[in-house]
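Once you've looked at the hints, dock chain B against the given chain A.
Residue numbers (the working numbering), protein chains in the order written: chain A, 41 to 148; chain B, 505 to 783.
Some hints could be false.
[To be verified] Pair ranges (Cβ atoms, derived):
| id | chain 1 | residue 1 | chain 2 | residue 2 | range |
| --- | --- | --- | --- | --- | --- |
| 1 | A | 84 | B | 678 | 32 to 42 Å |
| 2 | A | 99 | B | 577 | 19 to 29 Å |
| 3 | A | 81 | B | 535 | 19 to 29 Å |
| 4 | A | 117 | B | 678 | 48 to 58 Å |
In case anyone wonders, no lab produced these hints; they're calculated from the structure.
Glycine residues also receive a C-beta, built at the ideal position from the N, C-alpha and C atoms.
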Amino acid sequence: MRESYTAAVERNVVCGRDFTSEPYEAAWADEAIFFIRVLDPNHKGKLAFTAEISPDGMRWCAQGSTCEIAEGADLGFIRVKHFGGWLRIRRIDAVKTEPKVIVYLNLK
Amino acid sequence: MILNERCFDKFEPLPRIIYHADFDTGYNGFTETIGNYEGTLDEIIPEMADFRPPQLSNRPMWDTGTAGSLDGTYALKLATRPRKGSVAVCTKRLTWTKLSRIRMETWFGIKSEATELRLSETDVRGFGFLLDLQDDRLRMLPRVRYLHARDGQKIGKWQVKVEKPGKRDIGTRGETVSINHYADEGYADIPNGQHEMCGNELASKMNWHYLSVTFNLATMRFETVRCNDIVMNAESLAPFEIAIMPNLRGLLNTIFFVETDVDKRAYLYLDSVLYSTEG
Chain A
41 MRESYTAAVE RNVVCGRDFT SEPYEAAWAD EAIFFIRVLD PNHKGKLAFT AEISPDGMRW
101 CAQGSTCEIA EGADLGFIRV KHFGGWLRIR RIDAVKTEPK VIVYLNLK
Chain B
505 MILNERCFDK FEPLPRIIYH ADFDTGYNGF TETIGNYEGT LDEIIPEMAD FRPPQLSNRP
565 MWDTGTAGSL DGTYALKLAT RPRKGSVAVC TKRLTWTKLS RIRMETWFGI KSEATELRLS
625 ETDVRGFGFL LDLQDDRLRM LPRVRYLHAR DGQKIGKWQV KVEKPGKRDI GTRGETVSIN
685 HYADEGYADI PNGQHEMCGN ELASKMNWHY LSVTFNLATM RFETVRCNDI VMNAESLAPF
745 EIAIMPNLRG LLNTIFFVET DVDKRAYLYL DSVLYSTEG
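Looking at chain A on its own, in the form it has when it is part of the complex (with noise of 0.2 Å):
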């Protein structure tokens, strides 16, 4: 059976402008999707993510995968392939709002 895991990397945080994820090491997966879901309904403004990779879970460049969660919206996902051994996502949006979100990892 294919191995597959989802590990909820922030729960219920403040997702402000600087915001990033914790590291995950994914070394052992093929592919991997972040889900963002946004819990405040309320939120104003386009937010906008990307995925970043690093070589050793300190210094992190961005992998190019990005996605937007419109006003009101409160989900969006990044797909990501060929990504090594660390992940996370970086916030890169000017919006001056900071709702709670949650960010899943979905690898496979």
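For chain B alone, kept in the frame of chain A given last:
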């Protein structure tokens, strides 16, 4: 269950093996732990709201690359946040089948994130193992902890939590209560339980150690705690008890945790876990 000869060589189980978690084969049912809540996540005791999901790690180091596990590539990794006092906890949930001895064995290692070019041997505050259990008489959360360091000083001693944490009401429906039994308090030292572990010479070097914890579900006491060649008797220490709760008869969770003493991530790595019982 199929166990190869190498598995038997590195463990000394009781007669009935309930599970063998080799993390080269996956997460093996270990999941993140979370505090109780009613209706909203905001009701979780803050100290229990963020115990971090376990990871499968091939133990990559910035200077030497992948270290791997004891007899394979992947280990289960618990990682705290980089914040002093942060705790990471993972659980495998099952039930007991007989009130007799149980034994948890693991090959483990501890280290902090190698963000500094120094050994950093006092970053990890401690790590440990606990059971969350209930029979017809009582509910108990018996735990052993290796208190590794505090406030920049190496300590290195095994402890049992003996003082009962306070019960805290959560939510508004009255269905659930919660206790923060992960607080850094209420421990008593196991007699002759002080020893040093091999911390090696660089932040990126970690050595595997053996841990065996035997608990008696009939007497509700730890018996032996063994770390490599150090064998301790913990029978004189009574773990704290709490009143039985609805819906929990038969409960037996096997739980590992790690704590950081500095604003840096602390890691507990488990190569494998073998859980066995007398019957």
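Lying within 48 to 58 Å: is that true of the beta-carbon distance residue 117 of chain A to residue 678 of chain B?
-> For residue 117 of chain A and residue 678 of chain B the Cβ distance comes to about 38 Å; the hint is violated.
Range hint 32 to 42 Å (beta carbons of residue 84 of chain A and residue 678 of chain B) holds or violated = holds, 36 Å
Pairwise beta carbon distance, residue 99 of chain A to residue 577 of chain B, judged against the given window 19 to 29 Å | holds, 23 Å
Pairwise beta carbon distance, residue 81 of chain A to residue 535 of chain B, judged against the given window 19 to 29 Å = holds, 28 Å
Comparing the model with each numbered hint stated earlier shows that hint 4 is the single one that does not hold.
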